[in-house]
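Engineer: Below are the chains, spelled out letter by letter.
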Amino acid sequence: MKMKRSLVTMLAAVMGLSVALAGCAPDSSGGTKTVDSVKIVATKTEYVVGDTVNYADFKLTVTYSDNTTKTDLDLTSEGVTHTEISTAAAGEFDLTATYEKKSDTIKVTVAEPAEDAGILSSFELPQAYTLVQKTNDPAGTQSTDRATFMKAISYEVGDDNGFIFEPQAMALDFDTQTSTPITNVKTEFELFVKGDNGSYPAAAEKSPETYVTKKADADNPHDNNTYYFTEAAVGKTFKLVITPSEDYELTMDDEPSVTVEFTVVDGYNVYDQLGLSVFDNLNVKHWAAIKTAAGTLPWDLKPLAEYNAVAAVVLHANINIDPDELPDYYFWDKDRVVPGTYQVSGQSQSVEIGNQGYDAAYGILNVESDKKLDENDEPIFGYAEKLNGSLRDWSPAAENNMNFDSAVEGDQKEAYNTSSINMQKAIYCSTGTNISGNGMTISYTTEGKKHKLYEVLSNGRTAWEKAPVGHWALFKYEIYDGLSLGDIKADDGQTPLYAEINDNTPTVKNVNIKGNMPRLAETEGDPAQLMGFNTRVDNLTLENVNASQLYVVLMNDKVGVIGSNADFTDCKFFDVYSNMTYSWRSLYHVNNCIMRDAGGPIFILCDSDREGACNDEDGPRLYVDDKSVLVSDASGSEPWYDLNNAKLLFTQLKNTGDNQDGTYGILKAIHKGTQREPMHKDSKGTELFNVIAVLIPEPDNLMGRSANDPKLYPSGIIRRGTEGNYTDDYSPSYRPAAGGILSFLSGTTPDTIYESNAPMFISGTEKAIYIANNSFPFLYATQENITSTTGSTVDFKTRGTDWLFITMRATVNDARFGILLGNVTDYTAP
Amino acid sequence: MKKSTVLIVLVTFALSVVIVGIFGMRMMSYNTRIYVETIVPTRVYLNTGDTVEIKPREADTEYEVWINDYTEGLTLRMDYSLEPADATENDILAQITSKVDENDPVARLDGLTLHILRVNAGKSVTVRVNYRATDGGGANITVYFYIRNQQK
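Sequence order for the protein chains is A and S.
In this note's numbering, each number is its position in the first sequence, counted from 1, plus 13.
Counted from 1, the second sequence has number 107 at position 115 by this note's numbering; the numbering is strictly sequential.
A hint or two may mislead.
Derived SDA-like pairs (lysine to any residue); straight-line CA-CA distance at most 20 Å [claimed, not checked]:
hint : chain 1 : residue 1 : chain 2 : residue 2
1    : A       : Lys219    : A       : Glu244
2    : A       : Lys694    : S       : Thr24
3    : A       : Lys207    : A       : Gln146
4    : A       : Lys697    : S       : Ile26
Calculated from the structure, these hints are not laboratory results.
Given the structure is predicted, the values throughout are model-derived calculations rather than measurements.
Bound-form chain A, shown alone (with noise of 0.2 Å):
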């Protein structure tokens, strides 16, 4: 049979629509219907590597060509076919559903397991930042605690690196009893920016990014937790509410958060004894070895050497100094052998380098401090056994304790540490370098294995023979005018050496420096070890610092044009060895302060030589308010007077203080009006003076003075009152050429007296000089009349009598000192 060819093409026809219409659903119309796209709708496209995909958590949305739906088909439906997703490995994979020949595809991600996270019990402010927020004294009420702080402190971090504050977090398991510290615990965090009104916003910053980024970095263990600010978050103060991860569970009873509030400021925030160098843009060849060794601190945006120009080092721990990780060059190394020879200064000859004068130095201590000075044959010190390894101070390079190492480099690299104009030295060098302590405690360790941080040599030259004088301080500032930074370049003759910060006006505050040369130090014997600061800026401020056994809390030194003042306000000061400051010429104030129990006297004024050509406003300078509190409680045999032979001052104090037939003498009886004495006496019966200051004409000479520089009368200032208002004088105002405030006493000539060795008296605007006389134990003047008594029952009237000024000498051939006692009654706390 033969079909016609129409037909057969009518019947394909008809077929094929029927193949293509089986799939079709009727459509609204009671026509079929046609799937459009499908969807795949998935509750869940997260999991962890391990895990097992359930397919349930995804279904398919399918969209008919009539615009209608159908929802939550199951992938496992027939006609839907799908991809599988393994979770064997970590990634981000595809899972494509097919129906009808419509397909969608849908991102599912498999990250690795999360660490385990697992318990977090304990969530706290670390101990370091709640202590500050504790020990400090907020009423600025002078606590007799000395553990703690005369102001409140207001937290600060820099911007220069990272801020690391890790939350303490810590897991605990109580069927076992342990407990497991979480280190760099996951956290997340919220900004609030404090306003111009004093008060945070309720809603945190929306741009944090703008004050602070955190940043993963595996080489940094404490990545989760440092911030780095930026620039434009100095002088702003922040809160920062920090919540741990979601990650732990959490079994702790309170909601897990914690709050820091700070300061930002320009500076380099330091956590250990290494980043404290950053503190040095004056030592930097010494340091160059170690930073360089150091390398970038993994919370740093720059390597440690580059930080040799930061306007402060901002605190975050307690710092202990390790001797030993401090430069070689400081310390003496009977060992180190350097080649060459260097020109003595202003001699011909050359001299061999060796070990840098070990040998010389060496040679000197052995015979003059080892000396037999008791009954057994050894000697009592072994000063030159104690040489090695410890802090260098004398050079045979050149006859004003140049440093070696410049003389030998023939330049002045090295000029600011140990130049021949100030011989005193430290660990760390600045031109003005702020130090910001929050709260923190700078200490050291005397002796590590190889460095020893003290000195027996003393005076660059000799030893002495019962102690050496310190030259070392821990921190030091120093502007040098006769020498621009910017002039020493480096090796290559281009780049400077150094950078200059040259604010010459730093400041140090909230912090505690604690040295290891207490007061009452068994010191003969014992080298000197380090004072706190030395000075040579116009102007240093202490602010709420505290500090104790120290060698000194402050050296200044006024050479030149440069003032080397300093201000104290709101400092606590006990326990040192020598003195709280010792100046040279400098201008002190002094507000709210507490300086208790000094070896010495509290200050030493020195240099005021009125016949060189030291006016007073010249000389020393000290204003003190009537708040700050200053007790010394000197028997006279403390090291620090038996050393500076001042037993002899004592004892003639004292015989001022009674007369001969037991009654008061002047000493006693000139505070007698206020019922307040400059003596009092223990409870083992020893007389105990309240010796604020000493007036020392002479340099570092408090008893005698040179033949060859007879310097005879003290000028200078000491003023008392009010913060700024300091009315009450105590000043050793008399000047021989112009007559003197005494001439007006009959029969007397000022100039004998003065010349004799009497002492001269003091007390607010008035002036007596003491006479041992029985009958007629003293002359009071006064601008009205003099008044003569007997024996206890002076009438002895003075204004401004919280202290007494005396002027005395040991020997009419030595010169007349000043010394400022003050009561004893002020302050009985411990």
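Start from chain A and add chain S according to the hints.
Structural biologist: Leaving out everything else, chain S in the frame of chain A:
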């Protein structure tokens, strides 16, 4: 002033030196300040009459105390000794350094007695207390009191 007066002054001072003597003032240990070097916690007493062990932590100056069964009104008092025993001052100041909600505190210190005010059921608290000598020598210890309320 008459020359004789000046002479008297000089003689008197010379005599005073002789009487008292340049060597009349011997070295003595007046007012030697001995600082507290170590605070050693010895025992923790509970208000129930029980005592609790004090466990040293890894850090030299840190200790921990575990209280596994909190009861309302719990108070603890830690005894301590000081080294050296002849320290000039023997005052110790204790301060809570863990988080303290002033409005809803979990603990309060009265001197050296720690009052645990609340621990919610099934939860725990950590009270970190710093004890330090007030003499300025720097001696201090930190004690962590871990306290659990086992009620569910």
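Engineer: When the hints from earlier in the document are held up against this structure, which numbers fail?
Structural biologist: none
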